[in-house]
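Asker: The lines below spell out each chain.
Protein chains: 2
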Amino acid sequence: MTGGGPLGIVAGGGALPARLAAAARAAGRSVFVVALAGEGAEVDADATVGLGQVGRLFSLLRTAGCHEVAIAGYVSRPDLGDLKLDWTGIRLLPRLAPKLRGGDDALMRAIVGAFEDEGFRVVGPEEVAAPLLATECCLTVSSPDGADWADIARADAIVGALAPFDVGQGAVVARGIALAIEAVEGTDAMLARLADLPAHVRGTGKAARAGVLLKAAKHAQERRLDLPAIGPETVRRAAAAGLAGIALRAGDALILDRHDVIAAADAEGLFVVGYTAHDLSRHCGAGA
Amino acid sequence: MTGGGPLGIVAGGGALPARLAAAARAAGRSVFVVALAGEGAEVDADATVGLGQVGRLFSLLRTAGCHEVAIAGYVSRPDLGDLKLDWTGIRLLPRLAPKLRGGDDALMRAIVGAFEDEGFRVVGPEEVAAPLLATECCLTVSSPDGADWADIARADAIVGALAPFDVGQGAVVARGIALAIEAVEGTDAMLARLADLPAHVRGTGKAARAGVLLKAAKHAQERRLDLPAIGPETVRRAAAAGLAGIALRAGDALILDRHDVIAAADAEGLFVVGYTAHDLSRHCGAGA
Numbered sequence: 629m630t631g632g633g634p635l636g637i638v639a640g641g642g643a644l645p646a647r648l649a650a651a652a653r654a655a656g657r658s659v660f661v662v663a664l665a666g667e668g669a670e671v672d673a674d675a676t677v678g679l680g681q682v683g684r685l686f687s688l689l690r691t692a693g694c695h696e697v698a699i700a701g702y703v704s705r706p707d708l709g710d711l712k713l714d715w716t717g718i719r720l721l722p723r724l725a726p727k728l729r730g731g732d733d734a735l736m737r738a739i740v741g742a743f744e745d746e747g748f749r750v751v752g753p754e755e756v757a758a759p760l761l762a763t764e765c766c767l768t769v770s771s772p773d774g775a776d777w778a779d780i781a782r783a784d785a786i787v788g789a790l791a792p793f794d795v796g797q798g799a800v801v802a803r804g805i806a807l808a809i810e811a812v813e814g815t816d817a818m819l820a821r822l823a824d825l826p827a828h829v830r831g832t833g834k835a836a837r838a839g840v841l842l843k844a845a846k847h848a849q850e851r852r853l854d855l856p857a858i859g860p861e862t863v864r865r866a867a868a869a870g871l872a873g874i875a876l877r878a879g880d881a882l883i884l885d886r887h888d889v890i891a892a893a894d895a896e897g898l899f900v901v902g903y904t905a906h907d908l909s910r911h912c913g914a915g916a
Numbered sequence: 629m630t631g632g633g634p635l636g637i638v639a640g641g642g643a644l645p646a647r648l649a650a651a652a653r654a655a656g657r658s659v660f661v662v663a664l665a666g667e668g669a670e671v672d673a674d675a676t677v678g679l680g681q682v683g684r685l686f687s688l689l690r691t692a693g694c695h696e697v698a699i700a701g702y703v704s705r706p707d708l709g710d711l712k713l714d715w716t717g718i719r720l721l722p723r724l725a726p727k728l729r730g731g732d733d734a735l736m737r738a739i740v741g742a743f744e745d746e747g748f749r750v751v752g753p754e755e756v757a758a759p760l761l762a763t764e765c766c767l768t769v770s771s772p773d774g775a776d777w778a779d780i781a782r783a784d785a786i787v788g789a790l791a792p793f794d795v796g797q798g799a800v801v802a803r804g805i806a807l808a809i810e811a812v813e814g815t816d817a818m819l820a821r822l823a824d825l826p827a828h829v830r831g832t833g834k835a836a837r838a839g840v841l842l843k844a845a846k847h848a849q850e851r852r853l854d855l856p857a858i859g860p861e862t863v864r865r866a867a868a869a870g871l872a873g874i875a876l877r878a879g880d881a882l883i884l885d886r887h888d889v890i891a892a893a894d895a896e897g898l899f900v901v902g903y904t905a906h907d908l909s910r911h912c913g914a915g916a
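Chains as they are written, first to last, in my numbering: chain A, 629 to 916; chain B, 629 to 916.
These aren't lab readings, by the way, just hints derived from the structure by calculation.
Each residue gets a CB set at the ideal place from its N, CA and C atoms; glycine is no exception.
Just so you know, not all the hints are guaranteed correct.
[As the list claims (entries may be wrong)] Simulated restraints, written as ranges between beta carbons of each label pair: (1) B:Ala-891 x A:Pro-726: 33 to 39 Å; (2) B:Gly-913 x A:Thr-691: 44 to 50 Å; (3) B:Gly-897 x A:Asp-894: 38 to 44 Å; (4) A:Arg-723 x B:Pro-826: 43 to 49 Å.
Isolated chain A, as found in the complex (with noise of 0.2 Å):
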C-alpha cells in the first residue's frame, strides 16, 4: 500500500536519502524529497527546510500529497538556540527538547509520534528498500575463520550489553579484545582511532588483518529513523584500520551501494557478512 501518493523523503547529510529515493523509483513509485538544511545532504531534494522550520515542513510534505515519509540520515543533535523555530516547531518543542538531554532513541520515537501525529504514516527503509538490509550471508570472496567469529561474538554481546543504555551501534574486536566501542563519536571516527593504538594489538594492512568492525542496531532503537548503515567508505576505513572484516547483524543494518562495498572489500581482502544468533552459536558454541 503506497498511501496514494508520492514517497516524503526527509534527508539528512549522507547516502541514505539518494539511496532510498533510487529503491523507491526504481520500484515504480515517485518520490518528493526535502532535505535538512545544513547536514549535508548529498540528493537532489525537491524543497529545503531549515531544522527548526518544521510547519514549512509538514505543509511541503502535505502538498506535494505525500502520505508516507522516510526521514534517513544523520542529523547532528541540534544546538536549540540555532534552531530559527516556526510556530509549528515552537508547538513542539516542549515535546522534543527534553528528549535531546536523552539518548537517541527517546528522540526518535518523539520525532516519529510528531509525523504520525499529523497524519503521516513513517516508513523504515527496509519497508521501501528491502535490498538495501543485511542478511545473513557472506558477500565477499574472504570469510570470517574461526578467531573471527569469535571476535564477532564477543562484539555481538557487547553492543547488545549496552543496548538498554541507548548507546552503542558498534565496536571493535580483534582477537578477543575490545580495541573500541561506539558512543556518540560515530563509526568513522571509531575506526580512525584505531591508528593510535600499538600495531601488534591490532590488524597491520593487508598482510596480516585482524579484527571485526561489528554494526548492530540497538535493541530499543527507533529503527525506522535509525537503523545503522555502512558504505564503501566504511570498508576503506575498516581497511586502513588493519581489520579483517564487518560484520552486521542480518536485518539490522543496512548496505549502501552495496557493489561498491562487495569490490572494495574484495580487492582488500576484506569479509563483509551478514549474521544471526544461530551463526554465532554454531561457530562459537552457546556461551560465546
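Using the hints, position chain B against chain A.
Answerer: Frame of chain A, contents of chain B only:
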C-alpha cells in the same frame, strides 16, 4: 603481616609504583623495586629487567628477601616476537601467551598465578597503601548536582554492563548522553577525543561544565594488578574536555597525589566524588 622482608614492587609505567613505594616506606616498611625496561617507570629502581626476563625477576626478588610483591603501573601489551625470553619466561610462555588473546583479566590472573607458584604473595595497592583507595565522599568544593548524579548513574550502568566482557573501566556521560566509552585505548585518549565532538553536546569549559568521567574496576578484574587510577593530570584533562567532574566507585579506584588532585579540581571548579550504589539510589531512585 609483612612476610618478613621488604615489599617487592614490580614497576611498570606511570605514577603508581613511586606512590606505593612512598606509602610503604611511610608505614615503616622497606621496599625493593624492580622496574620493567621500556615501560617508562617513574620510580627509583633497585634493578631493571626486560619484560621477558621472568627468571631474573623472580631471582632478584628472592635474593632481596621479598615474600610479598606488588605489581603496579602500566605495562604495554607485549609483542611476543620482541620479548627476549629467558628460560623461566620460555617455560611460562605456553601458560601466558593464550591469555594475550583474551581481555586483560585472564592475563592478570595468569600473571598472579605465576608469582604465587614461585612462592610470592601478590598484594594489591590498597593493602600497601589504603589511603590511595577512593572512599564514599566528595573531595572538592564543587559537588554533583541532580543532573550530574543522573549522569553518574548512567555511566555506572554502562561500565557495569560491560564488566562481564572484561572491557571498559571508564565512560563519559553528559546530560544523559554517552559521549565516550573506554575500550583498550585508555582514559587519557578517551578524554582527548571529546574535543572532536560538537561543543553543544559536551561541556564548554569553565563557564558551562557538563558531564562526568566515571572510573570503576571491572567486576571480574584482578584487583591486585589493575585498579583504575586517577591523578592530577586526569583532572586537568577532564577540565580541558569541559566536564563537570570525576566519579569513582568507592573501593574500586585509586586516587594518586590526592592533595594535588583536590587542588587541581578546585582550581578548575570540578568535583571529584567517591560513590556507592546507595548514593545512586538515593539521588536517582531505584531504577536509575
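Asker: All the hints need checking, so say for each whether the structure fits it.
Answerer: Hints versus structure:
no.	hint	result
1	B:Ala-891 x A:Pro-726: 33 to 39 Å	holds, 37 Å
2	B:Gly-913 x A:Thr-691: 44 to 50 Å	holds, 46 Å
3	B:Gly-897 x A:Asp-894: 38 to 44 Å	violated, 54 Å
4	A:Arg-723 x B:Pro-826: 43 to 49 Å	violated, 23 Å
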